[in-house]
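Student: Position one of the sequence shown corresponds to residue 301 (the working numbering), numbered consecutively onward.
Rather than coming from a laboratory, the hints here were simulated on the basis of the structure.
All values derive from a computational prediction rather than experimental measurement.
A hint or two may mislead.
Claimed, not checked - Think about it this way: if two alpha-carbon atoms lie no more than 30 Å apart in a straight line, the pair counts; the simulated DSBU-like pairs of lysine-lysine are:
no.	residue 1	residue 2
1	768	756
2	441	313
3	582	441
4	1009	1032
5	370	524
6	378	524
7	434	598
8	497	370
9	789	370
10	768	789
11	643	659
As the list claims (entries may be wrong) - Derived Cβ-Cβ restraints for the label pairs, each shown as a range:
no.	residue 1	residue 2	range
12	698	759	18 to 28 Å
13	698	556	17 to 27 Å
14	303	783	52 to 62 Å
15	1050	656	54 to 64 Å
For every residue, glycine included, the Cβ atom is placed at its ideal position computed from N, Cα and C.
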Amino acid sequence: MDKESPLIRFFLKAGILQSLPDDFTLELEGHGPIVALQRMGLLRESEAIRILSERLGIEHVDLISEDEAKTLRVDDFKDKVDGAFCRQYLVCPLKRTNKGVMTAFANPLDHEALKAVEFALSSPVSMVIAEESKILRIINKYFPDVQDIFEEDNPGDYIDIEVIKGGRGTEDEETSETKNVAPIVRLVNEILVDAIKAEASDIHIEPARTVVDIRFRIDGVMQKVLEVPKKLHSYLVARIKVLAAMDVSEKRRPQDGRLGVRMGDHTIDMRVSSIPTSNGEKIVLRIMRSDYEGVTFKTLGFPPHIEEAFGRALESHSKLVLVTGPTGSGKTTTLYTAINSIKDGKKNITTVEDPIEYKFEGINQIQLNKAIDVTFGSALRSILRQDPDVIMIGEIRDTETLNIALQAALTGHLVLSTLHTNDAPNAVTRILNMGADPFIVGSTLAGVLAQRLVRKICSHCSVPPTEKDIMIYRKYMDAYGIEPDNLRKAFGCDYCFQTGYKGRLGVYSYLEITEEIAHLISTQASIEDIILAARRTGYDSLDTAVADLWRHGVTTFEEVKGYLSLEAKSRYKAKQSSPTPPPQARPPQQPIVQTPPKPQVAPLRSHQNNRISAGPPRPPVPPQVKVRPPSPPRFAKKDTKRTKILVVEDDIQARGMLRSLLEGESYEVVEASNGEEGLNLVRSHAPQLILCDLEMPVMDGRAFLQKMKSDAKTMGIPIIMMTRGDDKESGKTLLKLGAQDCVSKDSAPNGILQKIRRVVNCFVD
């Protein structure tokens, strides 16, 4: 570009540039003319753009501002222009307006570019001016370009890596110096290295109809980084399969494999999975962490009081410590950090994992292998004969694993494991519902850590929230007592890949099992009682923990909103404000199991309403003087021969009669007044048999039966339905819906008991 170009003449006339020599030539070197002039020190880009905008009457647009970014519709023009075109002319179509397609230009006096854009878009163009760097940022976001990787003379930095076929520990290594390998090998290497540098957790290679999308999961969020021509898909998949020791010829079935990438002194393992889709095979590579040795509870973001309490649990013996949360919440990282913190060379530590994500020195790690019957249960039985001090179980998935874990804790071992529950108190309910003895759970459980991962706000580009934002936040701020002073809002910059977030932080809620809570668990107290007792000793729920991160500007409202609960907070405040008797004086929430004399056999019809009735109602016992039989010692074994029956019946007198009848036969009885209450008690009490009335308010027996039989967790519980009179048609329908038997409410007590005994003998262990 010389002095006669329109842009140079404009700058000379406007006084931005001083006189230039006659032989002046502008070397662009891959940049636009304004940036090239700035690199020569002849002008400043911001001043040049301001004067161009004012003198030419062309709007200046900040492409990365939040308001502008929300209005962009660049995807609408992908069938008209590509990345190469946009980079060549330093332009980018932004959105359609009533004046034509709004298009950003780095050089608004480039008439050749204007004609090319109008021709490509087949539409009038509404020109705006923007900084070259911001135009390129939008182009790179919407038109990621793979072409540079295939250029042999690409001037970019070459990457020297070693790809280890089949993963760490094999000897089949490929030295892949980028400049000396085939293009497809170079492409795969670039993808792997870019993902590692971006600290991605997963790489997704997803075939679409005409292209292949390369997406990284960064900080838990999927981000598209590259678009590859569809013709390269088969080569890309074949290359990764070869590296992962997978069958290249098998394209119809899912496969799994591993590979490793060595960069300098570090080796990063990757777990590879392929699955056939309608557009071709999809590949996902999970990047495994390799730096657990240096991770501490402090670096994970543990608050000091939780770190101290969790540390006490790890120092104990004959205890079970649980970490709970959904998939991807960092449970494995927490367990590995716990193992690393107690690894002192004086303990025999054994783990059972599926899969082993990181190999520790000095720890015995066992990989599950269902093909040869190496399961959690079978491995644990063998481990107990190996004189362990500490046992880590990757996940408690079934009753067998739970029982062995509790037995191991009872016999002097520290057991660490994970569960999938929403919070710490519900982990107690979960293991009790799996059939664990509450007395054993109360005596062995040391603590439950619930956790989540939230994205940290980018420190380079965060901004204060606007007044409009504060209005949206207000009800949550009031509920959690948050002031607006330190609140921040995500924006987006190059450092955080335009997301507004960089890195993730753990959010933790720890339930320490004190003597009081252990007693509540042993006596099967309600979850509400356990939570209230825990709050007296400093327990905070997850919503309070994430609210604190928001309060201090560590993350944003948008990131934590899903964890905040206005309803839960108001309930908690109401319970705090209401007087609560001390725990030892409070009446138990569970139904009181009494042992009345065995009732006489007599017709049980109520002549008033033809429903089962206990006759004259028993005098009510005031709640404050209810007497419960003395609780057994905490380490006592409960009588496992008693069958627990849930009675779902809205008539209080009928419920009282049925309770007396069943307790006289040594059954344990739990009561519900409608179907909804019954469903809740099924989850919290795990009955072995249900006796359910057909006609009830709120949720009737038919709806209750259908809900029970449609849930895989409850469909196996036998249900006897109680009908009015001799209603054979209703009985047939209920049996088809899954009821094990039906009984008329007009039946004599012996008839009811015979039905119950038959179902218990046939369906209850």
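Student: With reference to the structure, classify each hint as holding or not holding.
Tutor: Hint by hint, here is what the structure shows:
no.	hint	in the structure
1	768 x 756	22 Å, holds
2	441 x 313	36 Å, violated
3	582 x 441	22 Å, holds
4	1009 x 1032	16 Å, holds
5	370 x 524	17 Å, holds
6	378 x 524	15 Å, holds
7	434 x 598	38 Å, violated
8	497 x 370	28 Å, holds
9	789 x 370	15 Å, holds
10	768 x 789	12 Å, holds
11	643 x 659	13 Å, holds
12	698 x 759: 18 to 28 Å	44 Å, violated
13	698 x 556: 17 to 27 Å	23 Å, holds
14	303 x 783: 52 to 62 Å	59 Å, holds
15	1050 x 656: 54 to 64 Å	59 Å, holds
Violation of the numbered hints given earlier is confined to hints 2, 7 and 12; the remaining hints are satisfied by the structure.
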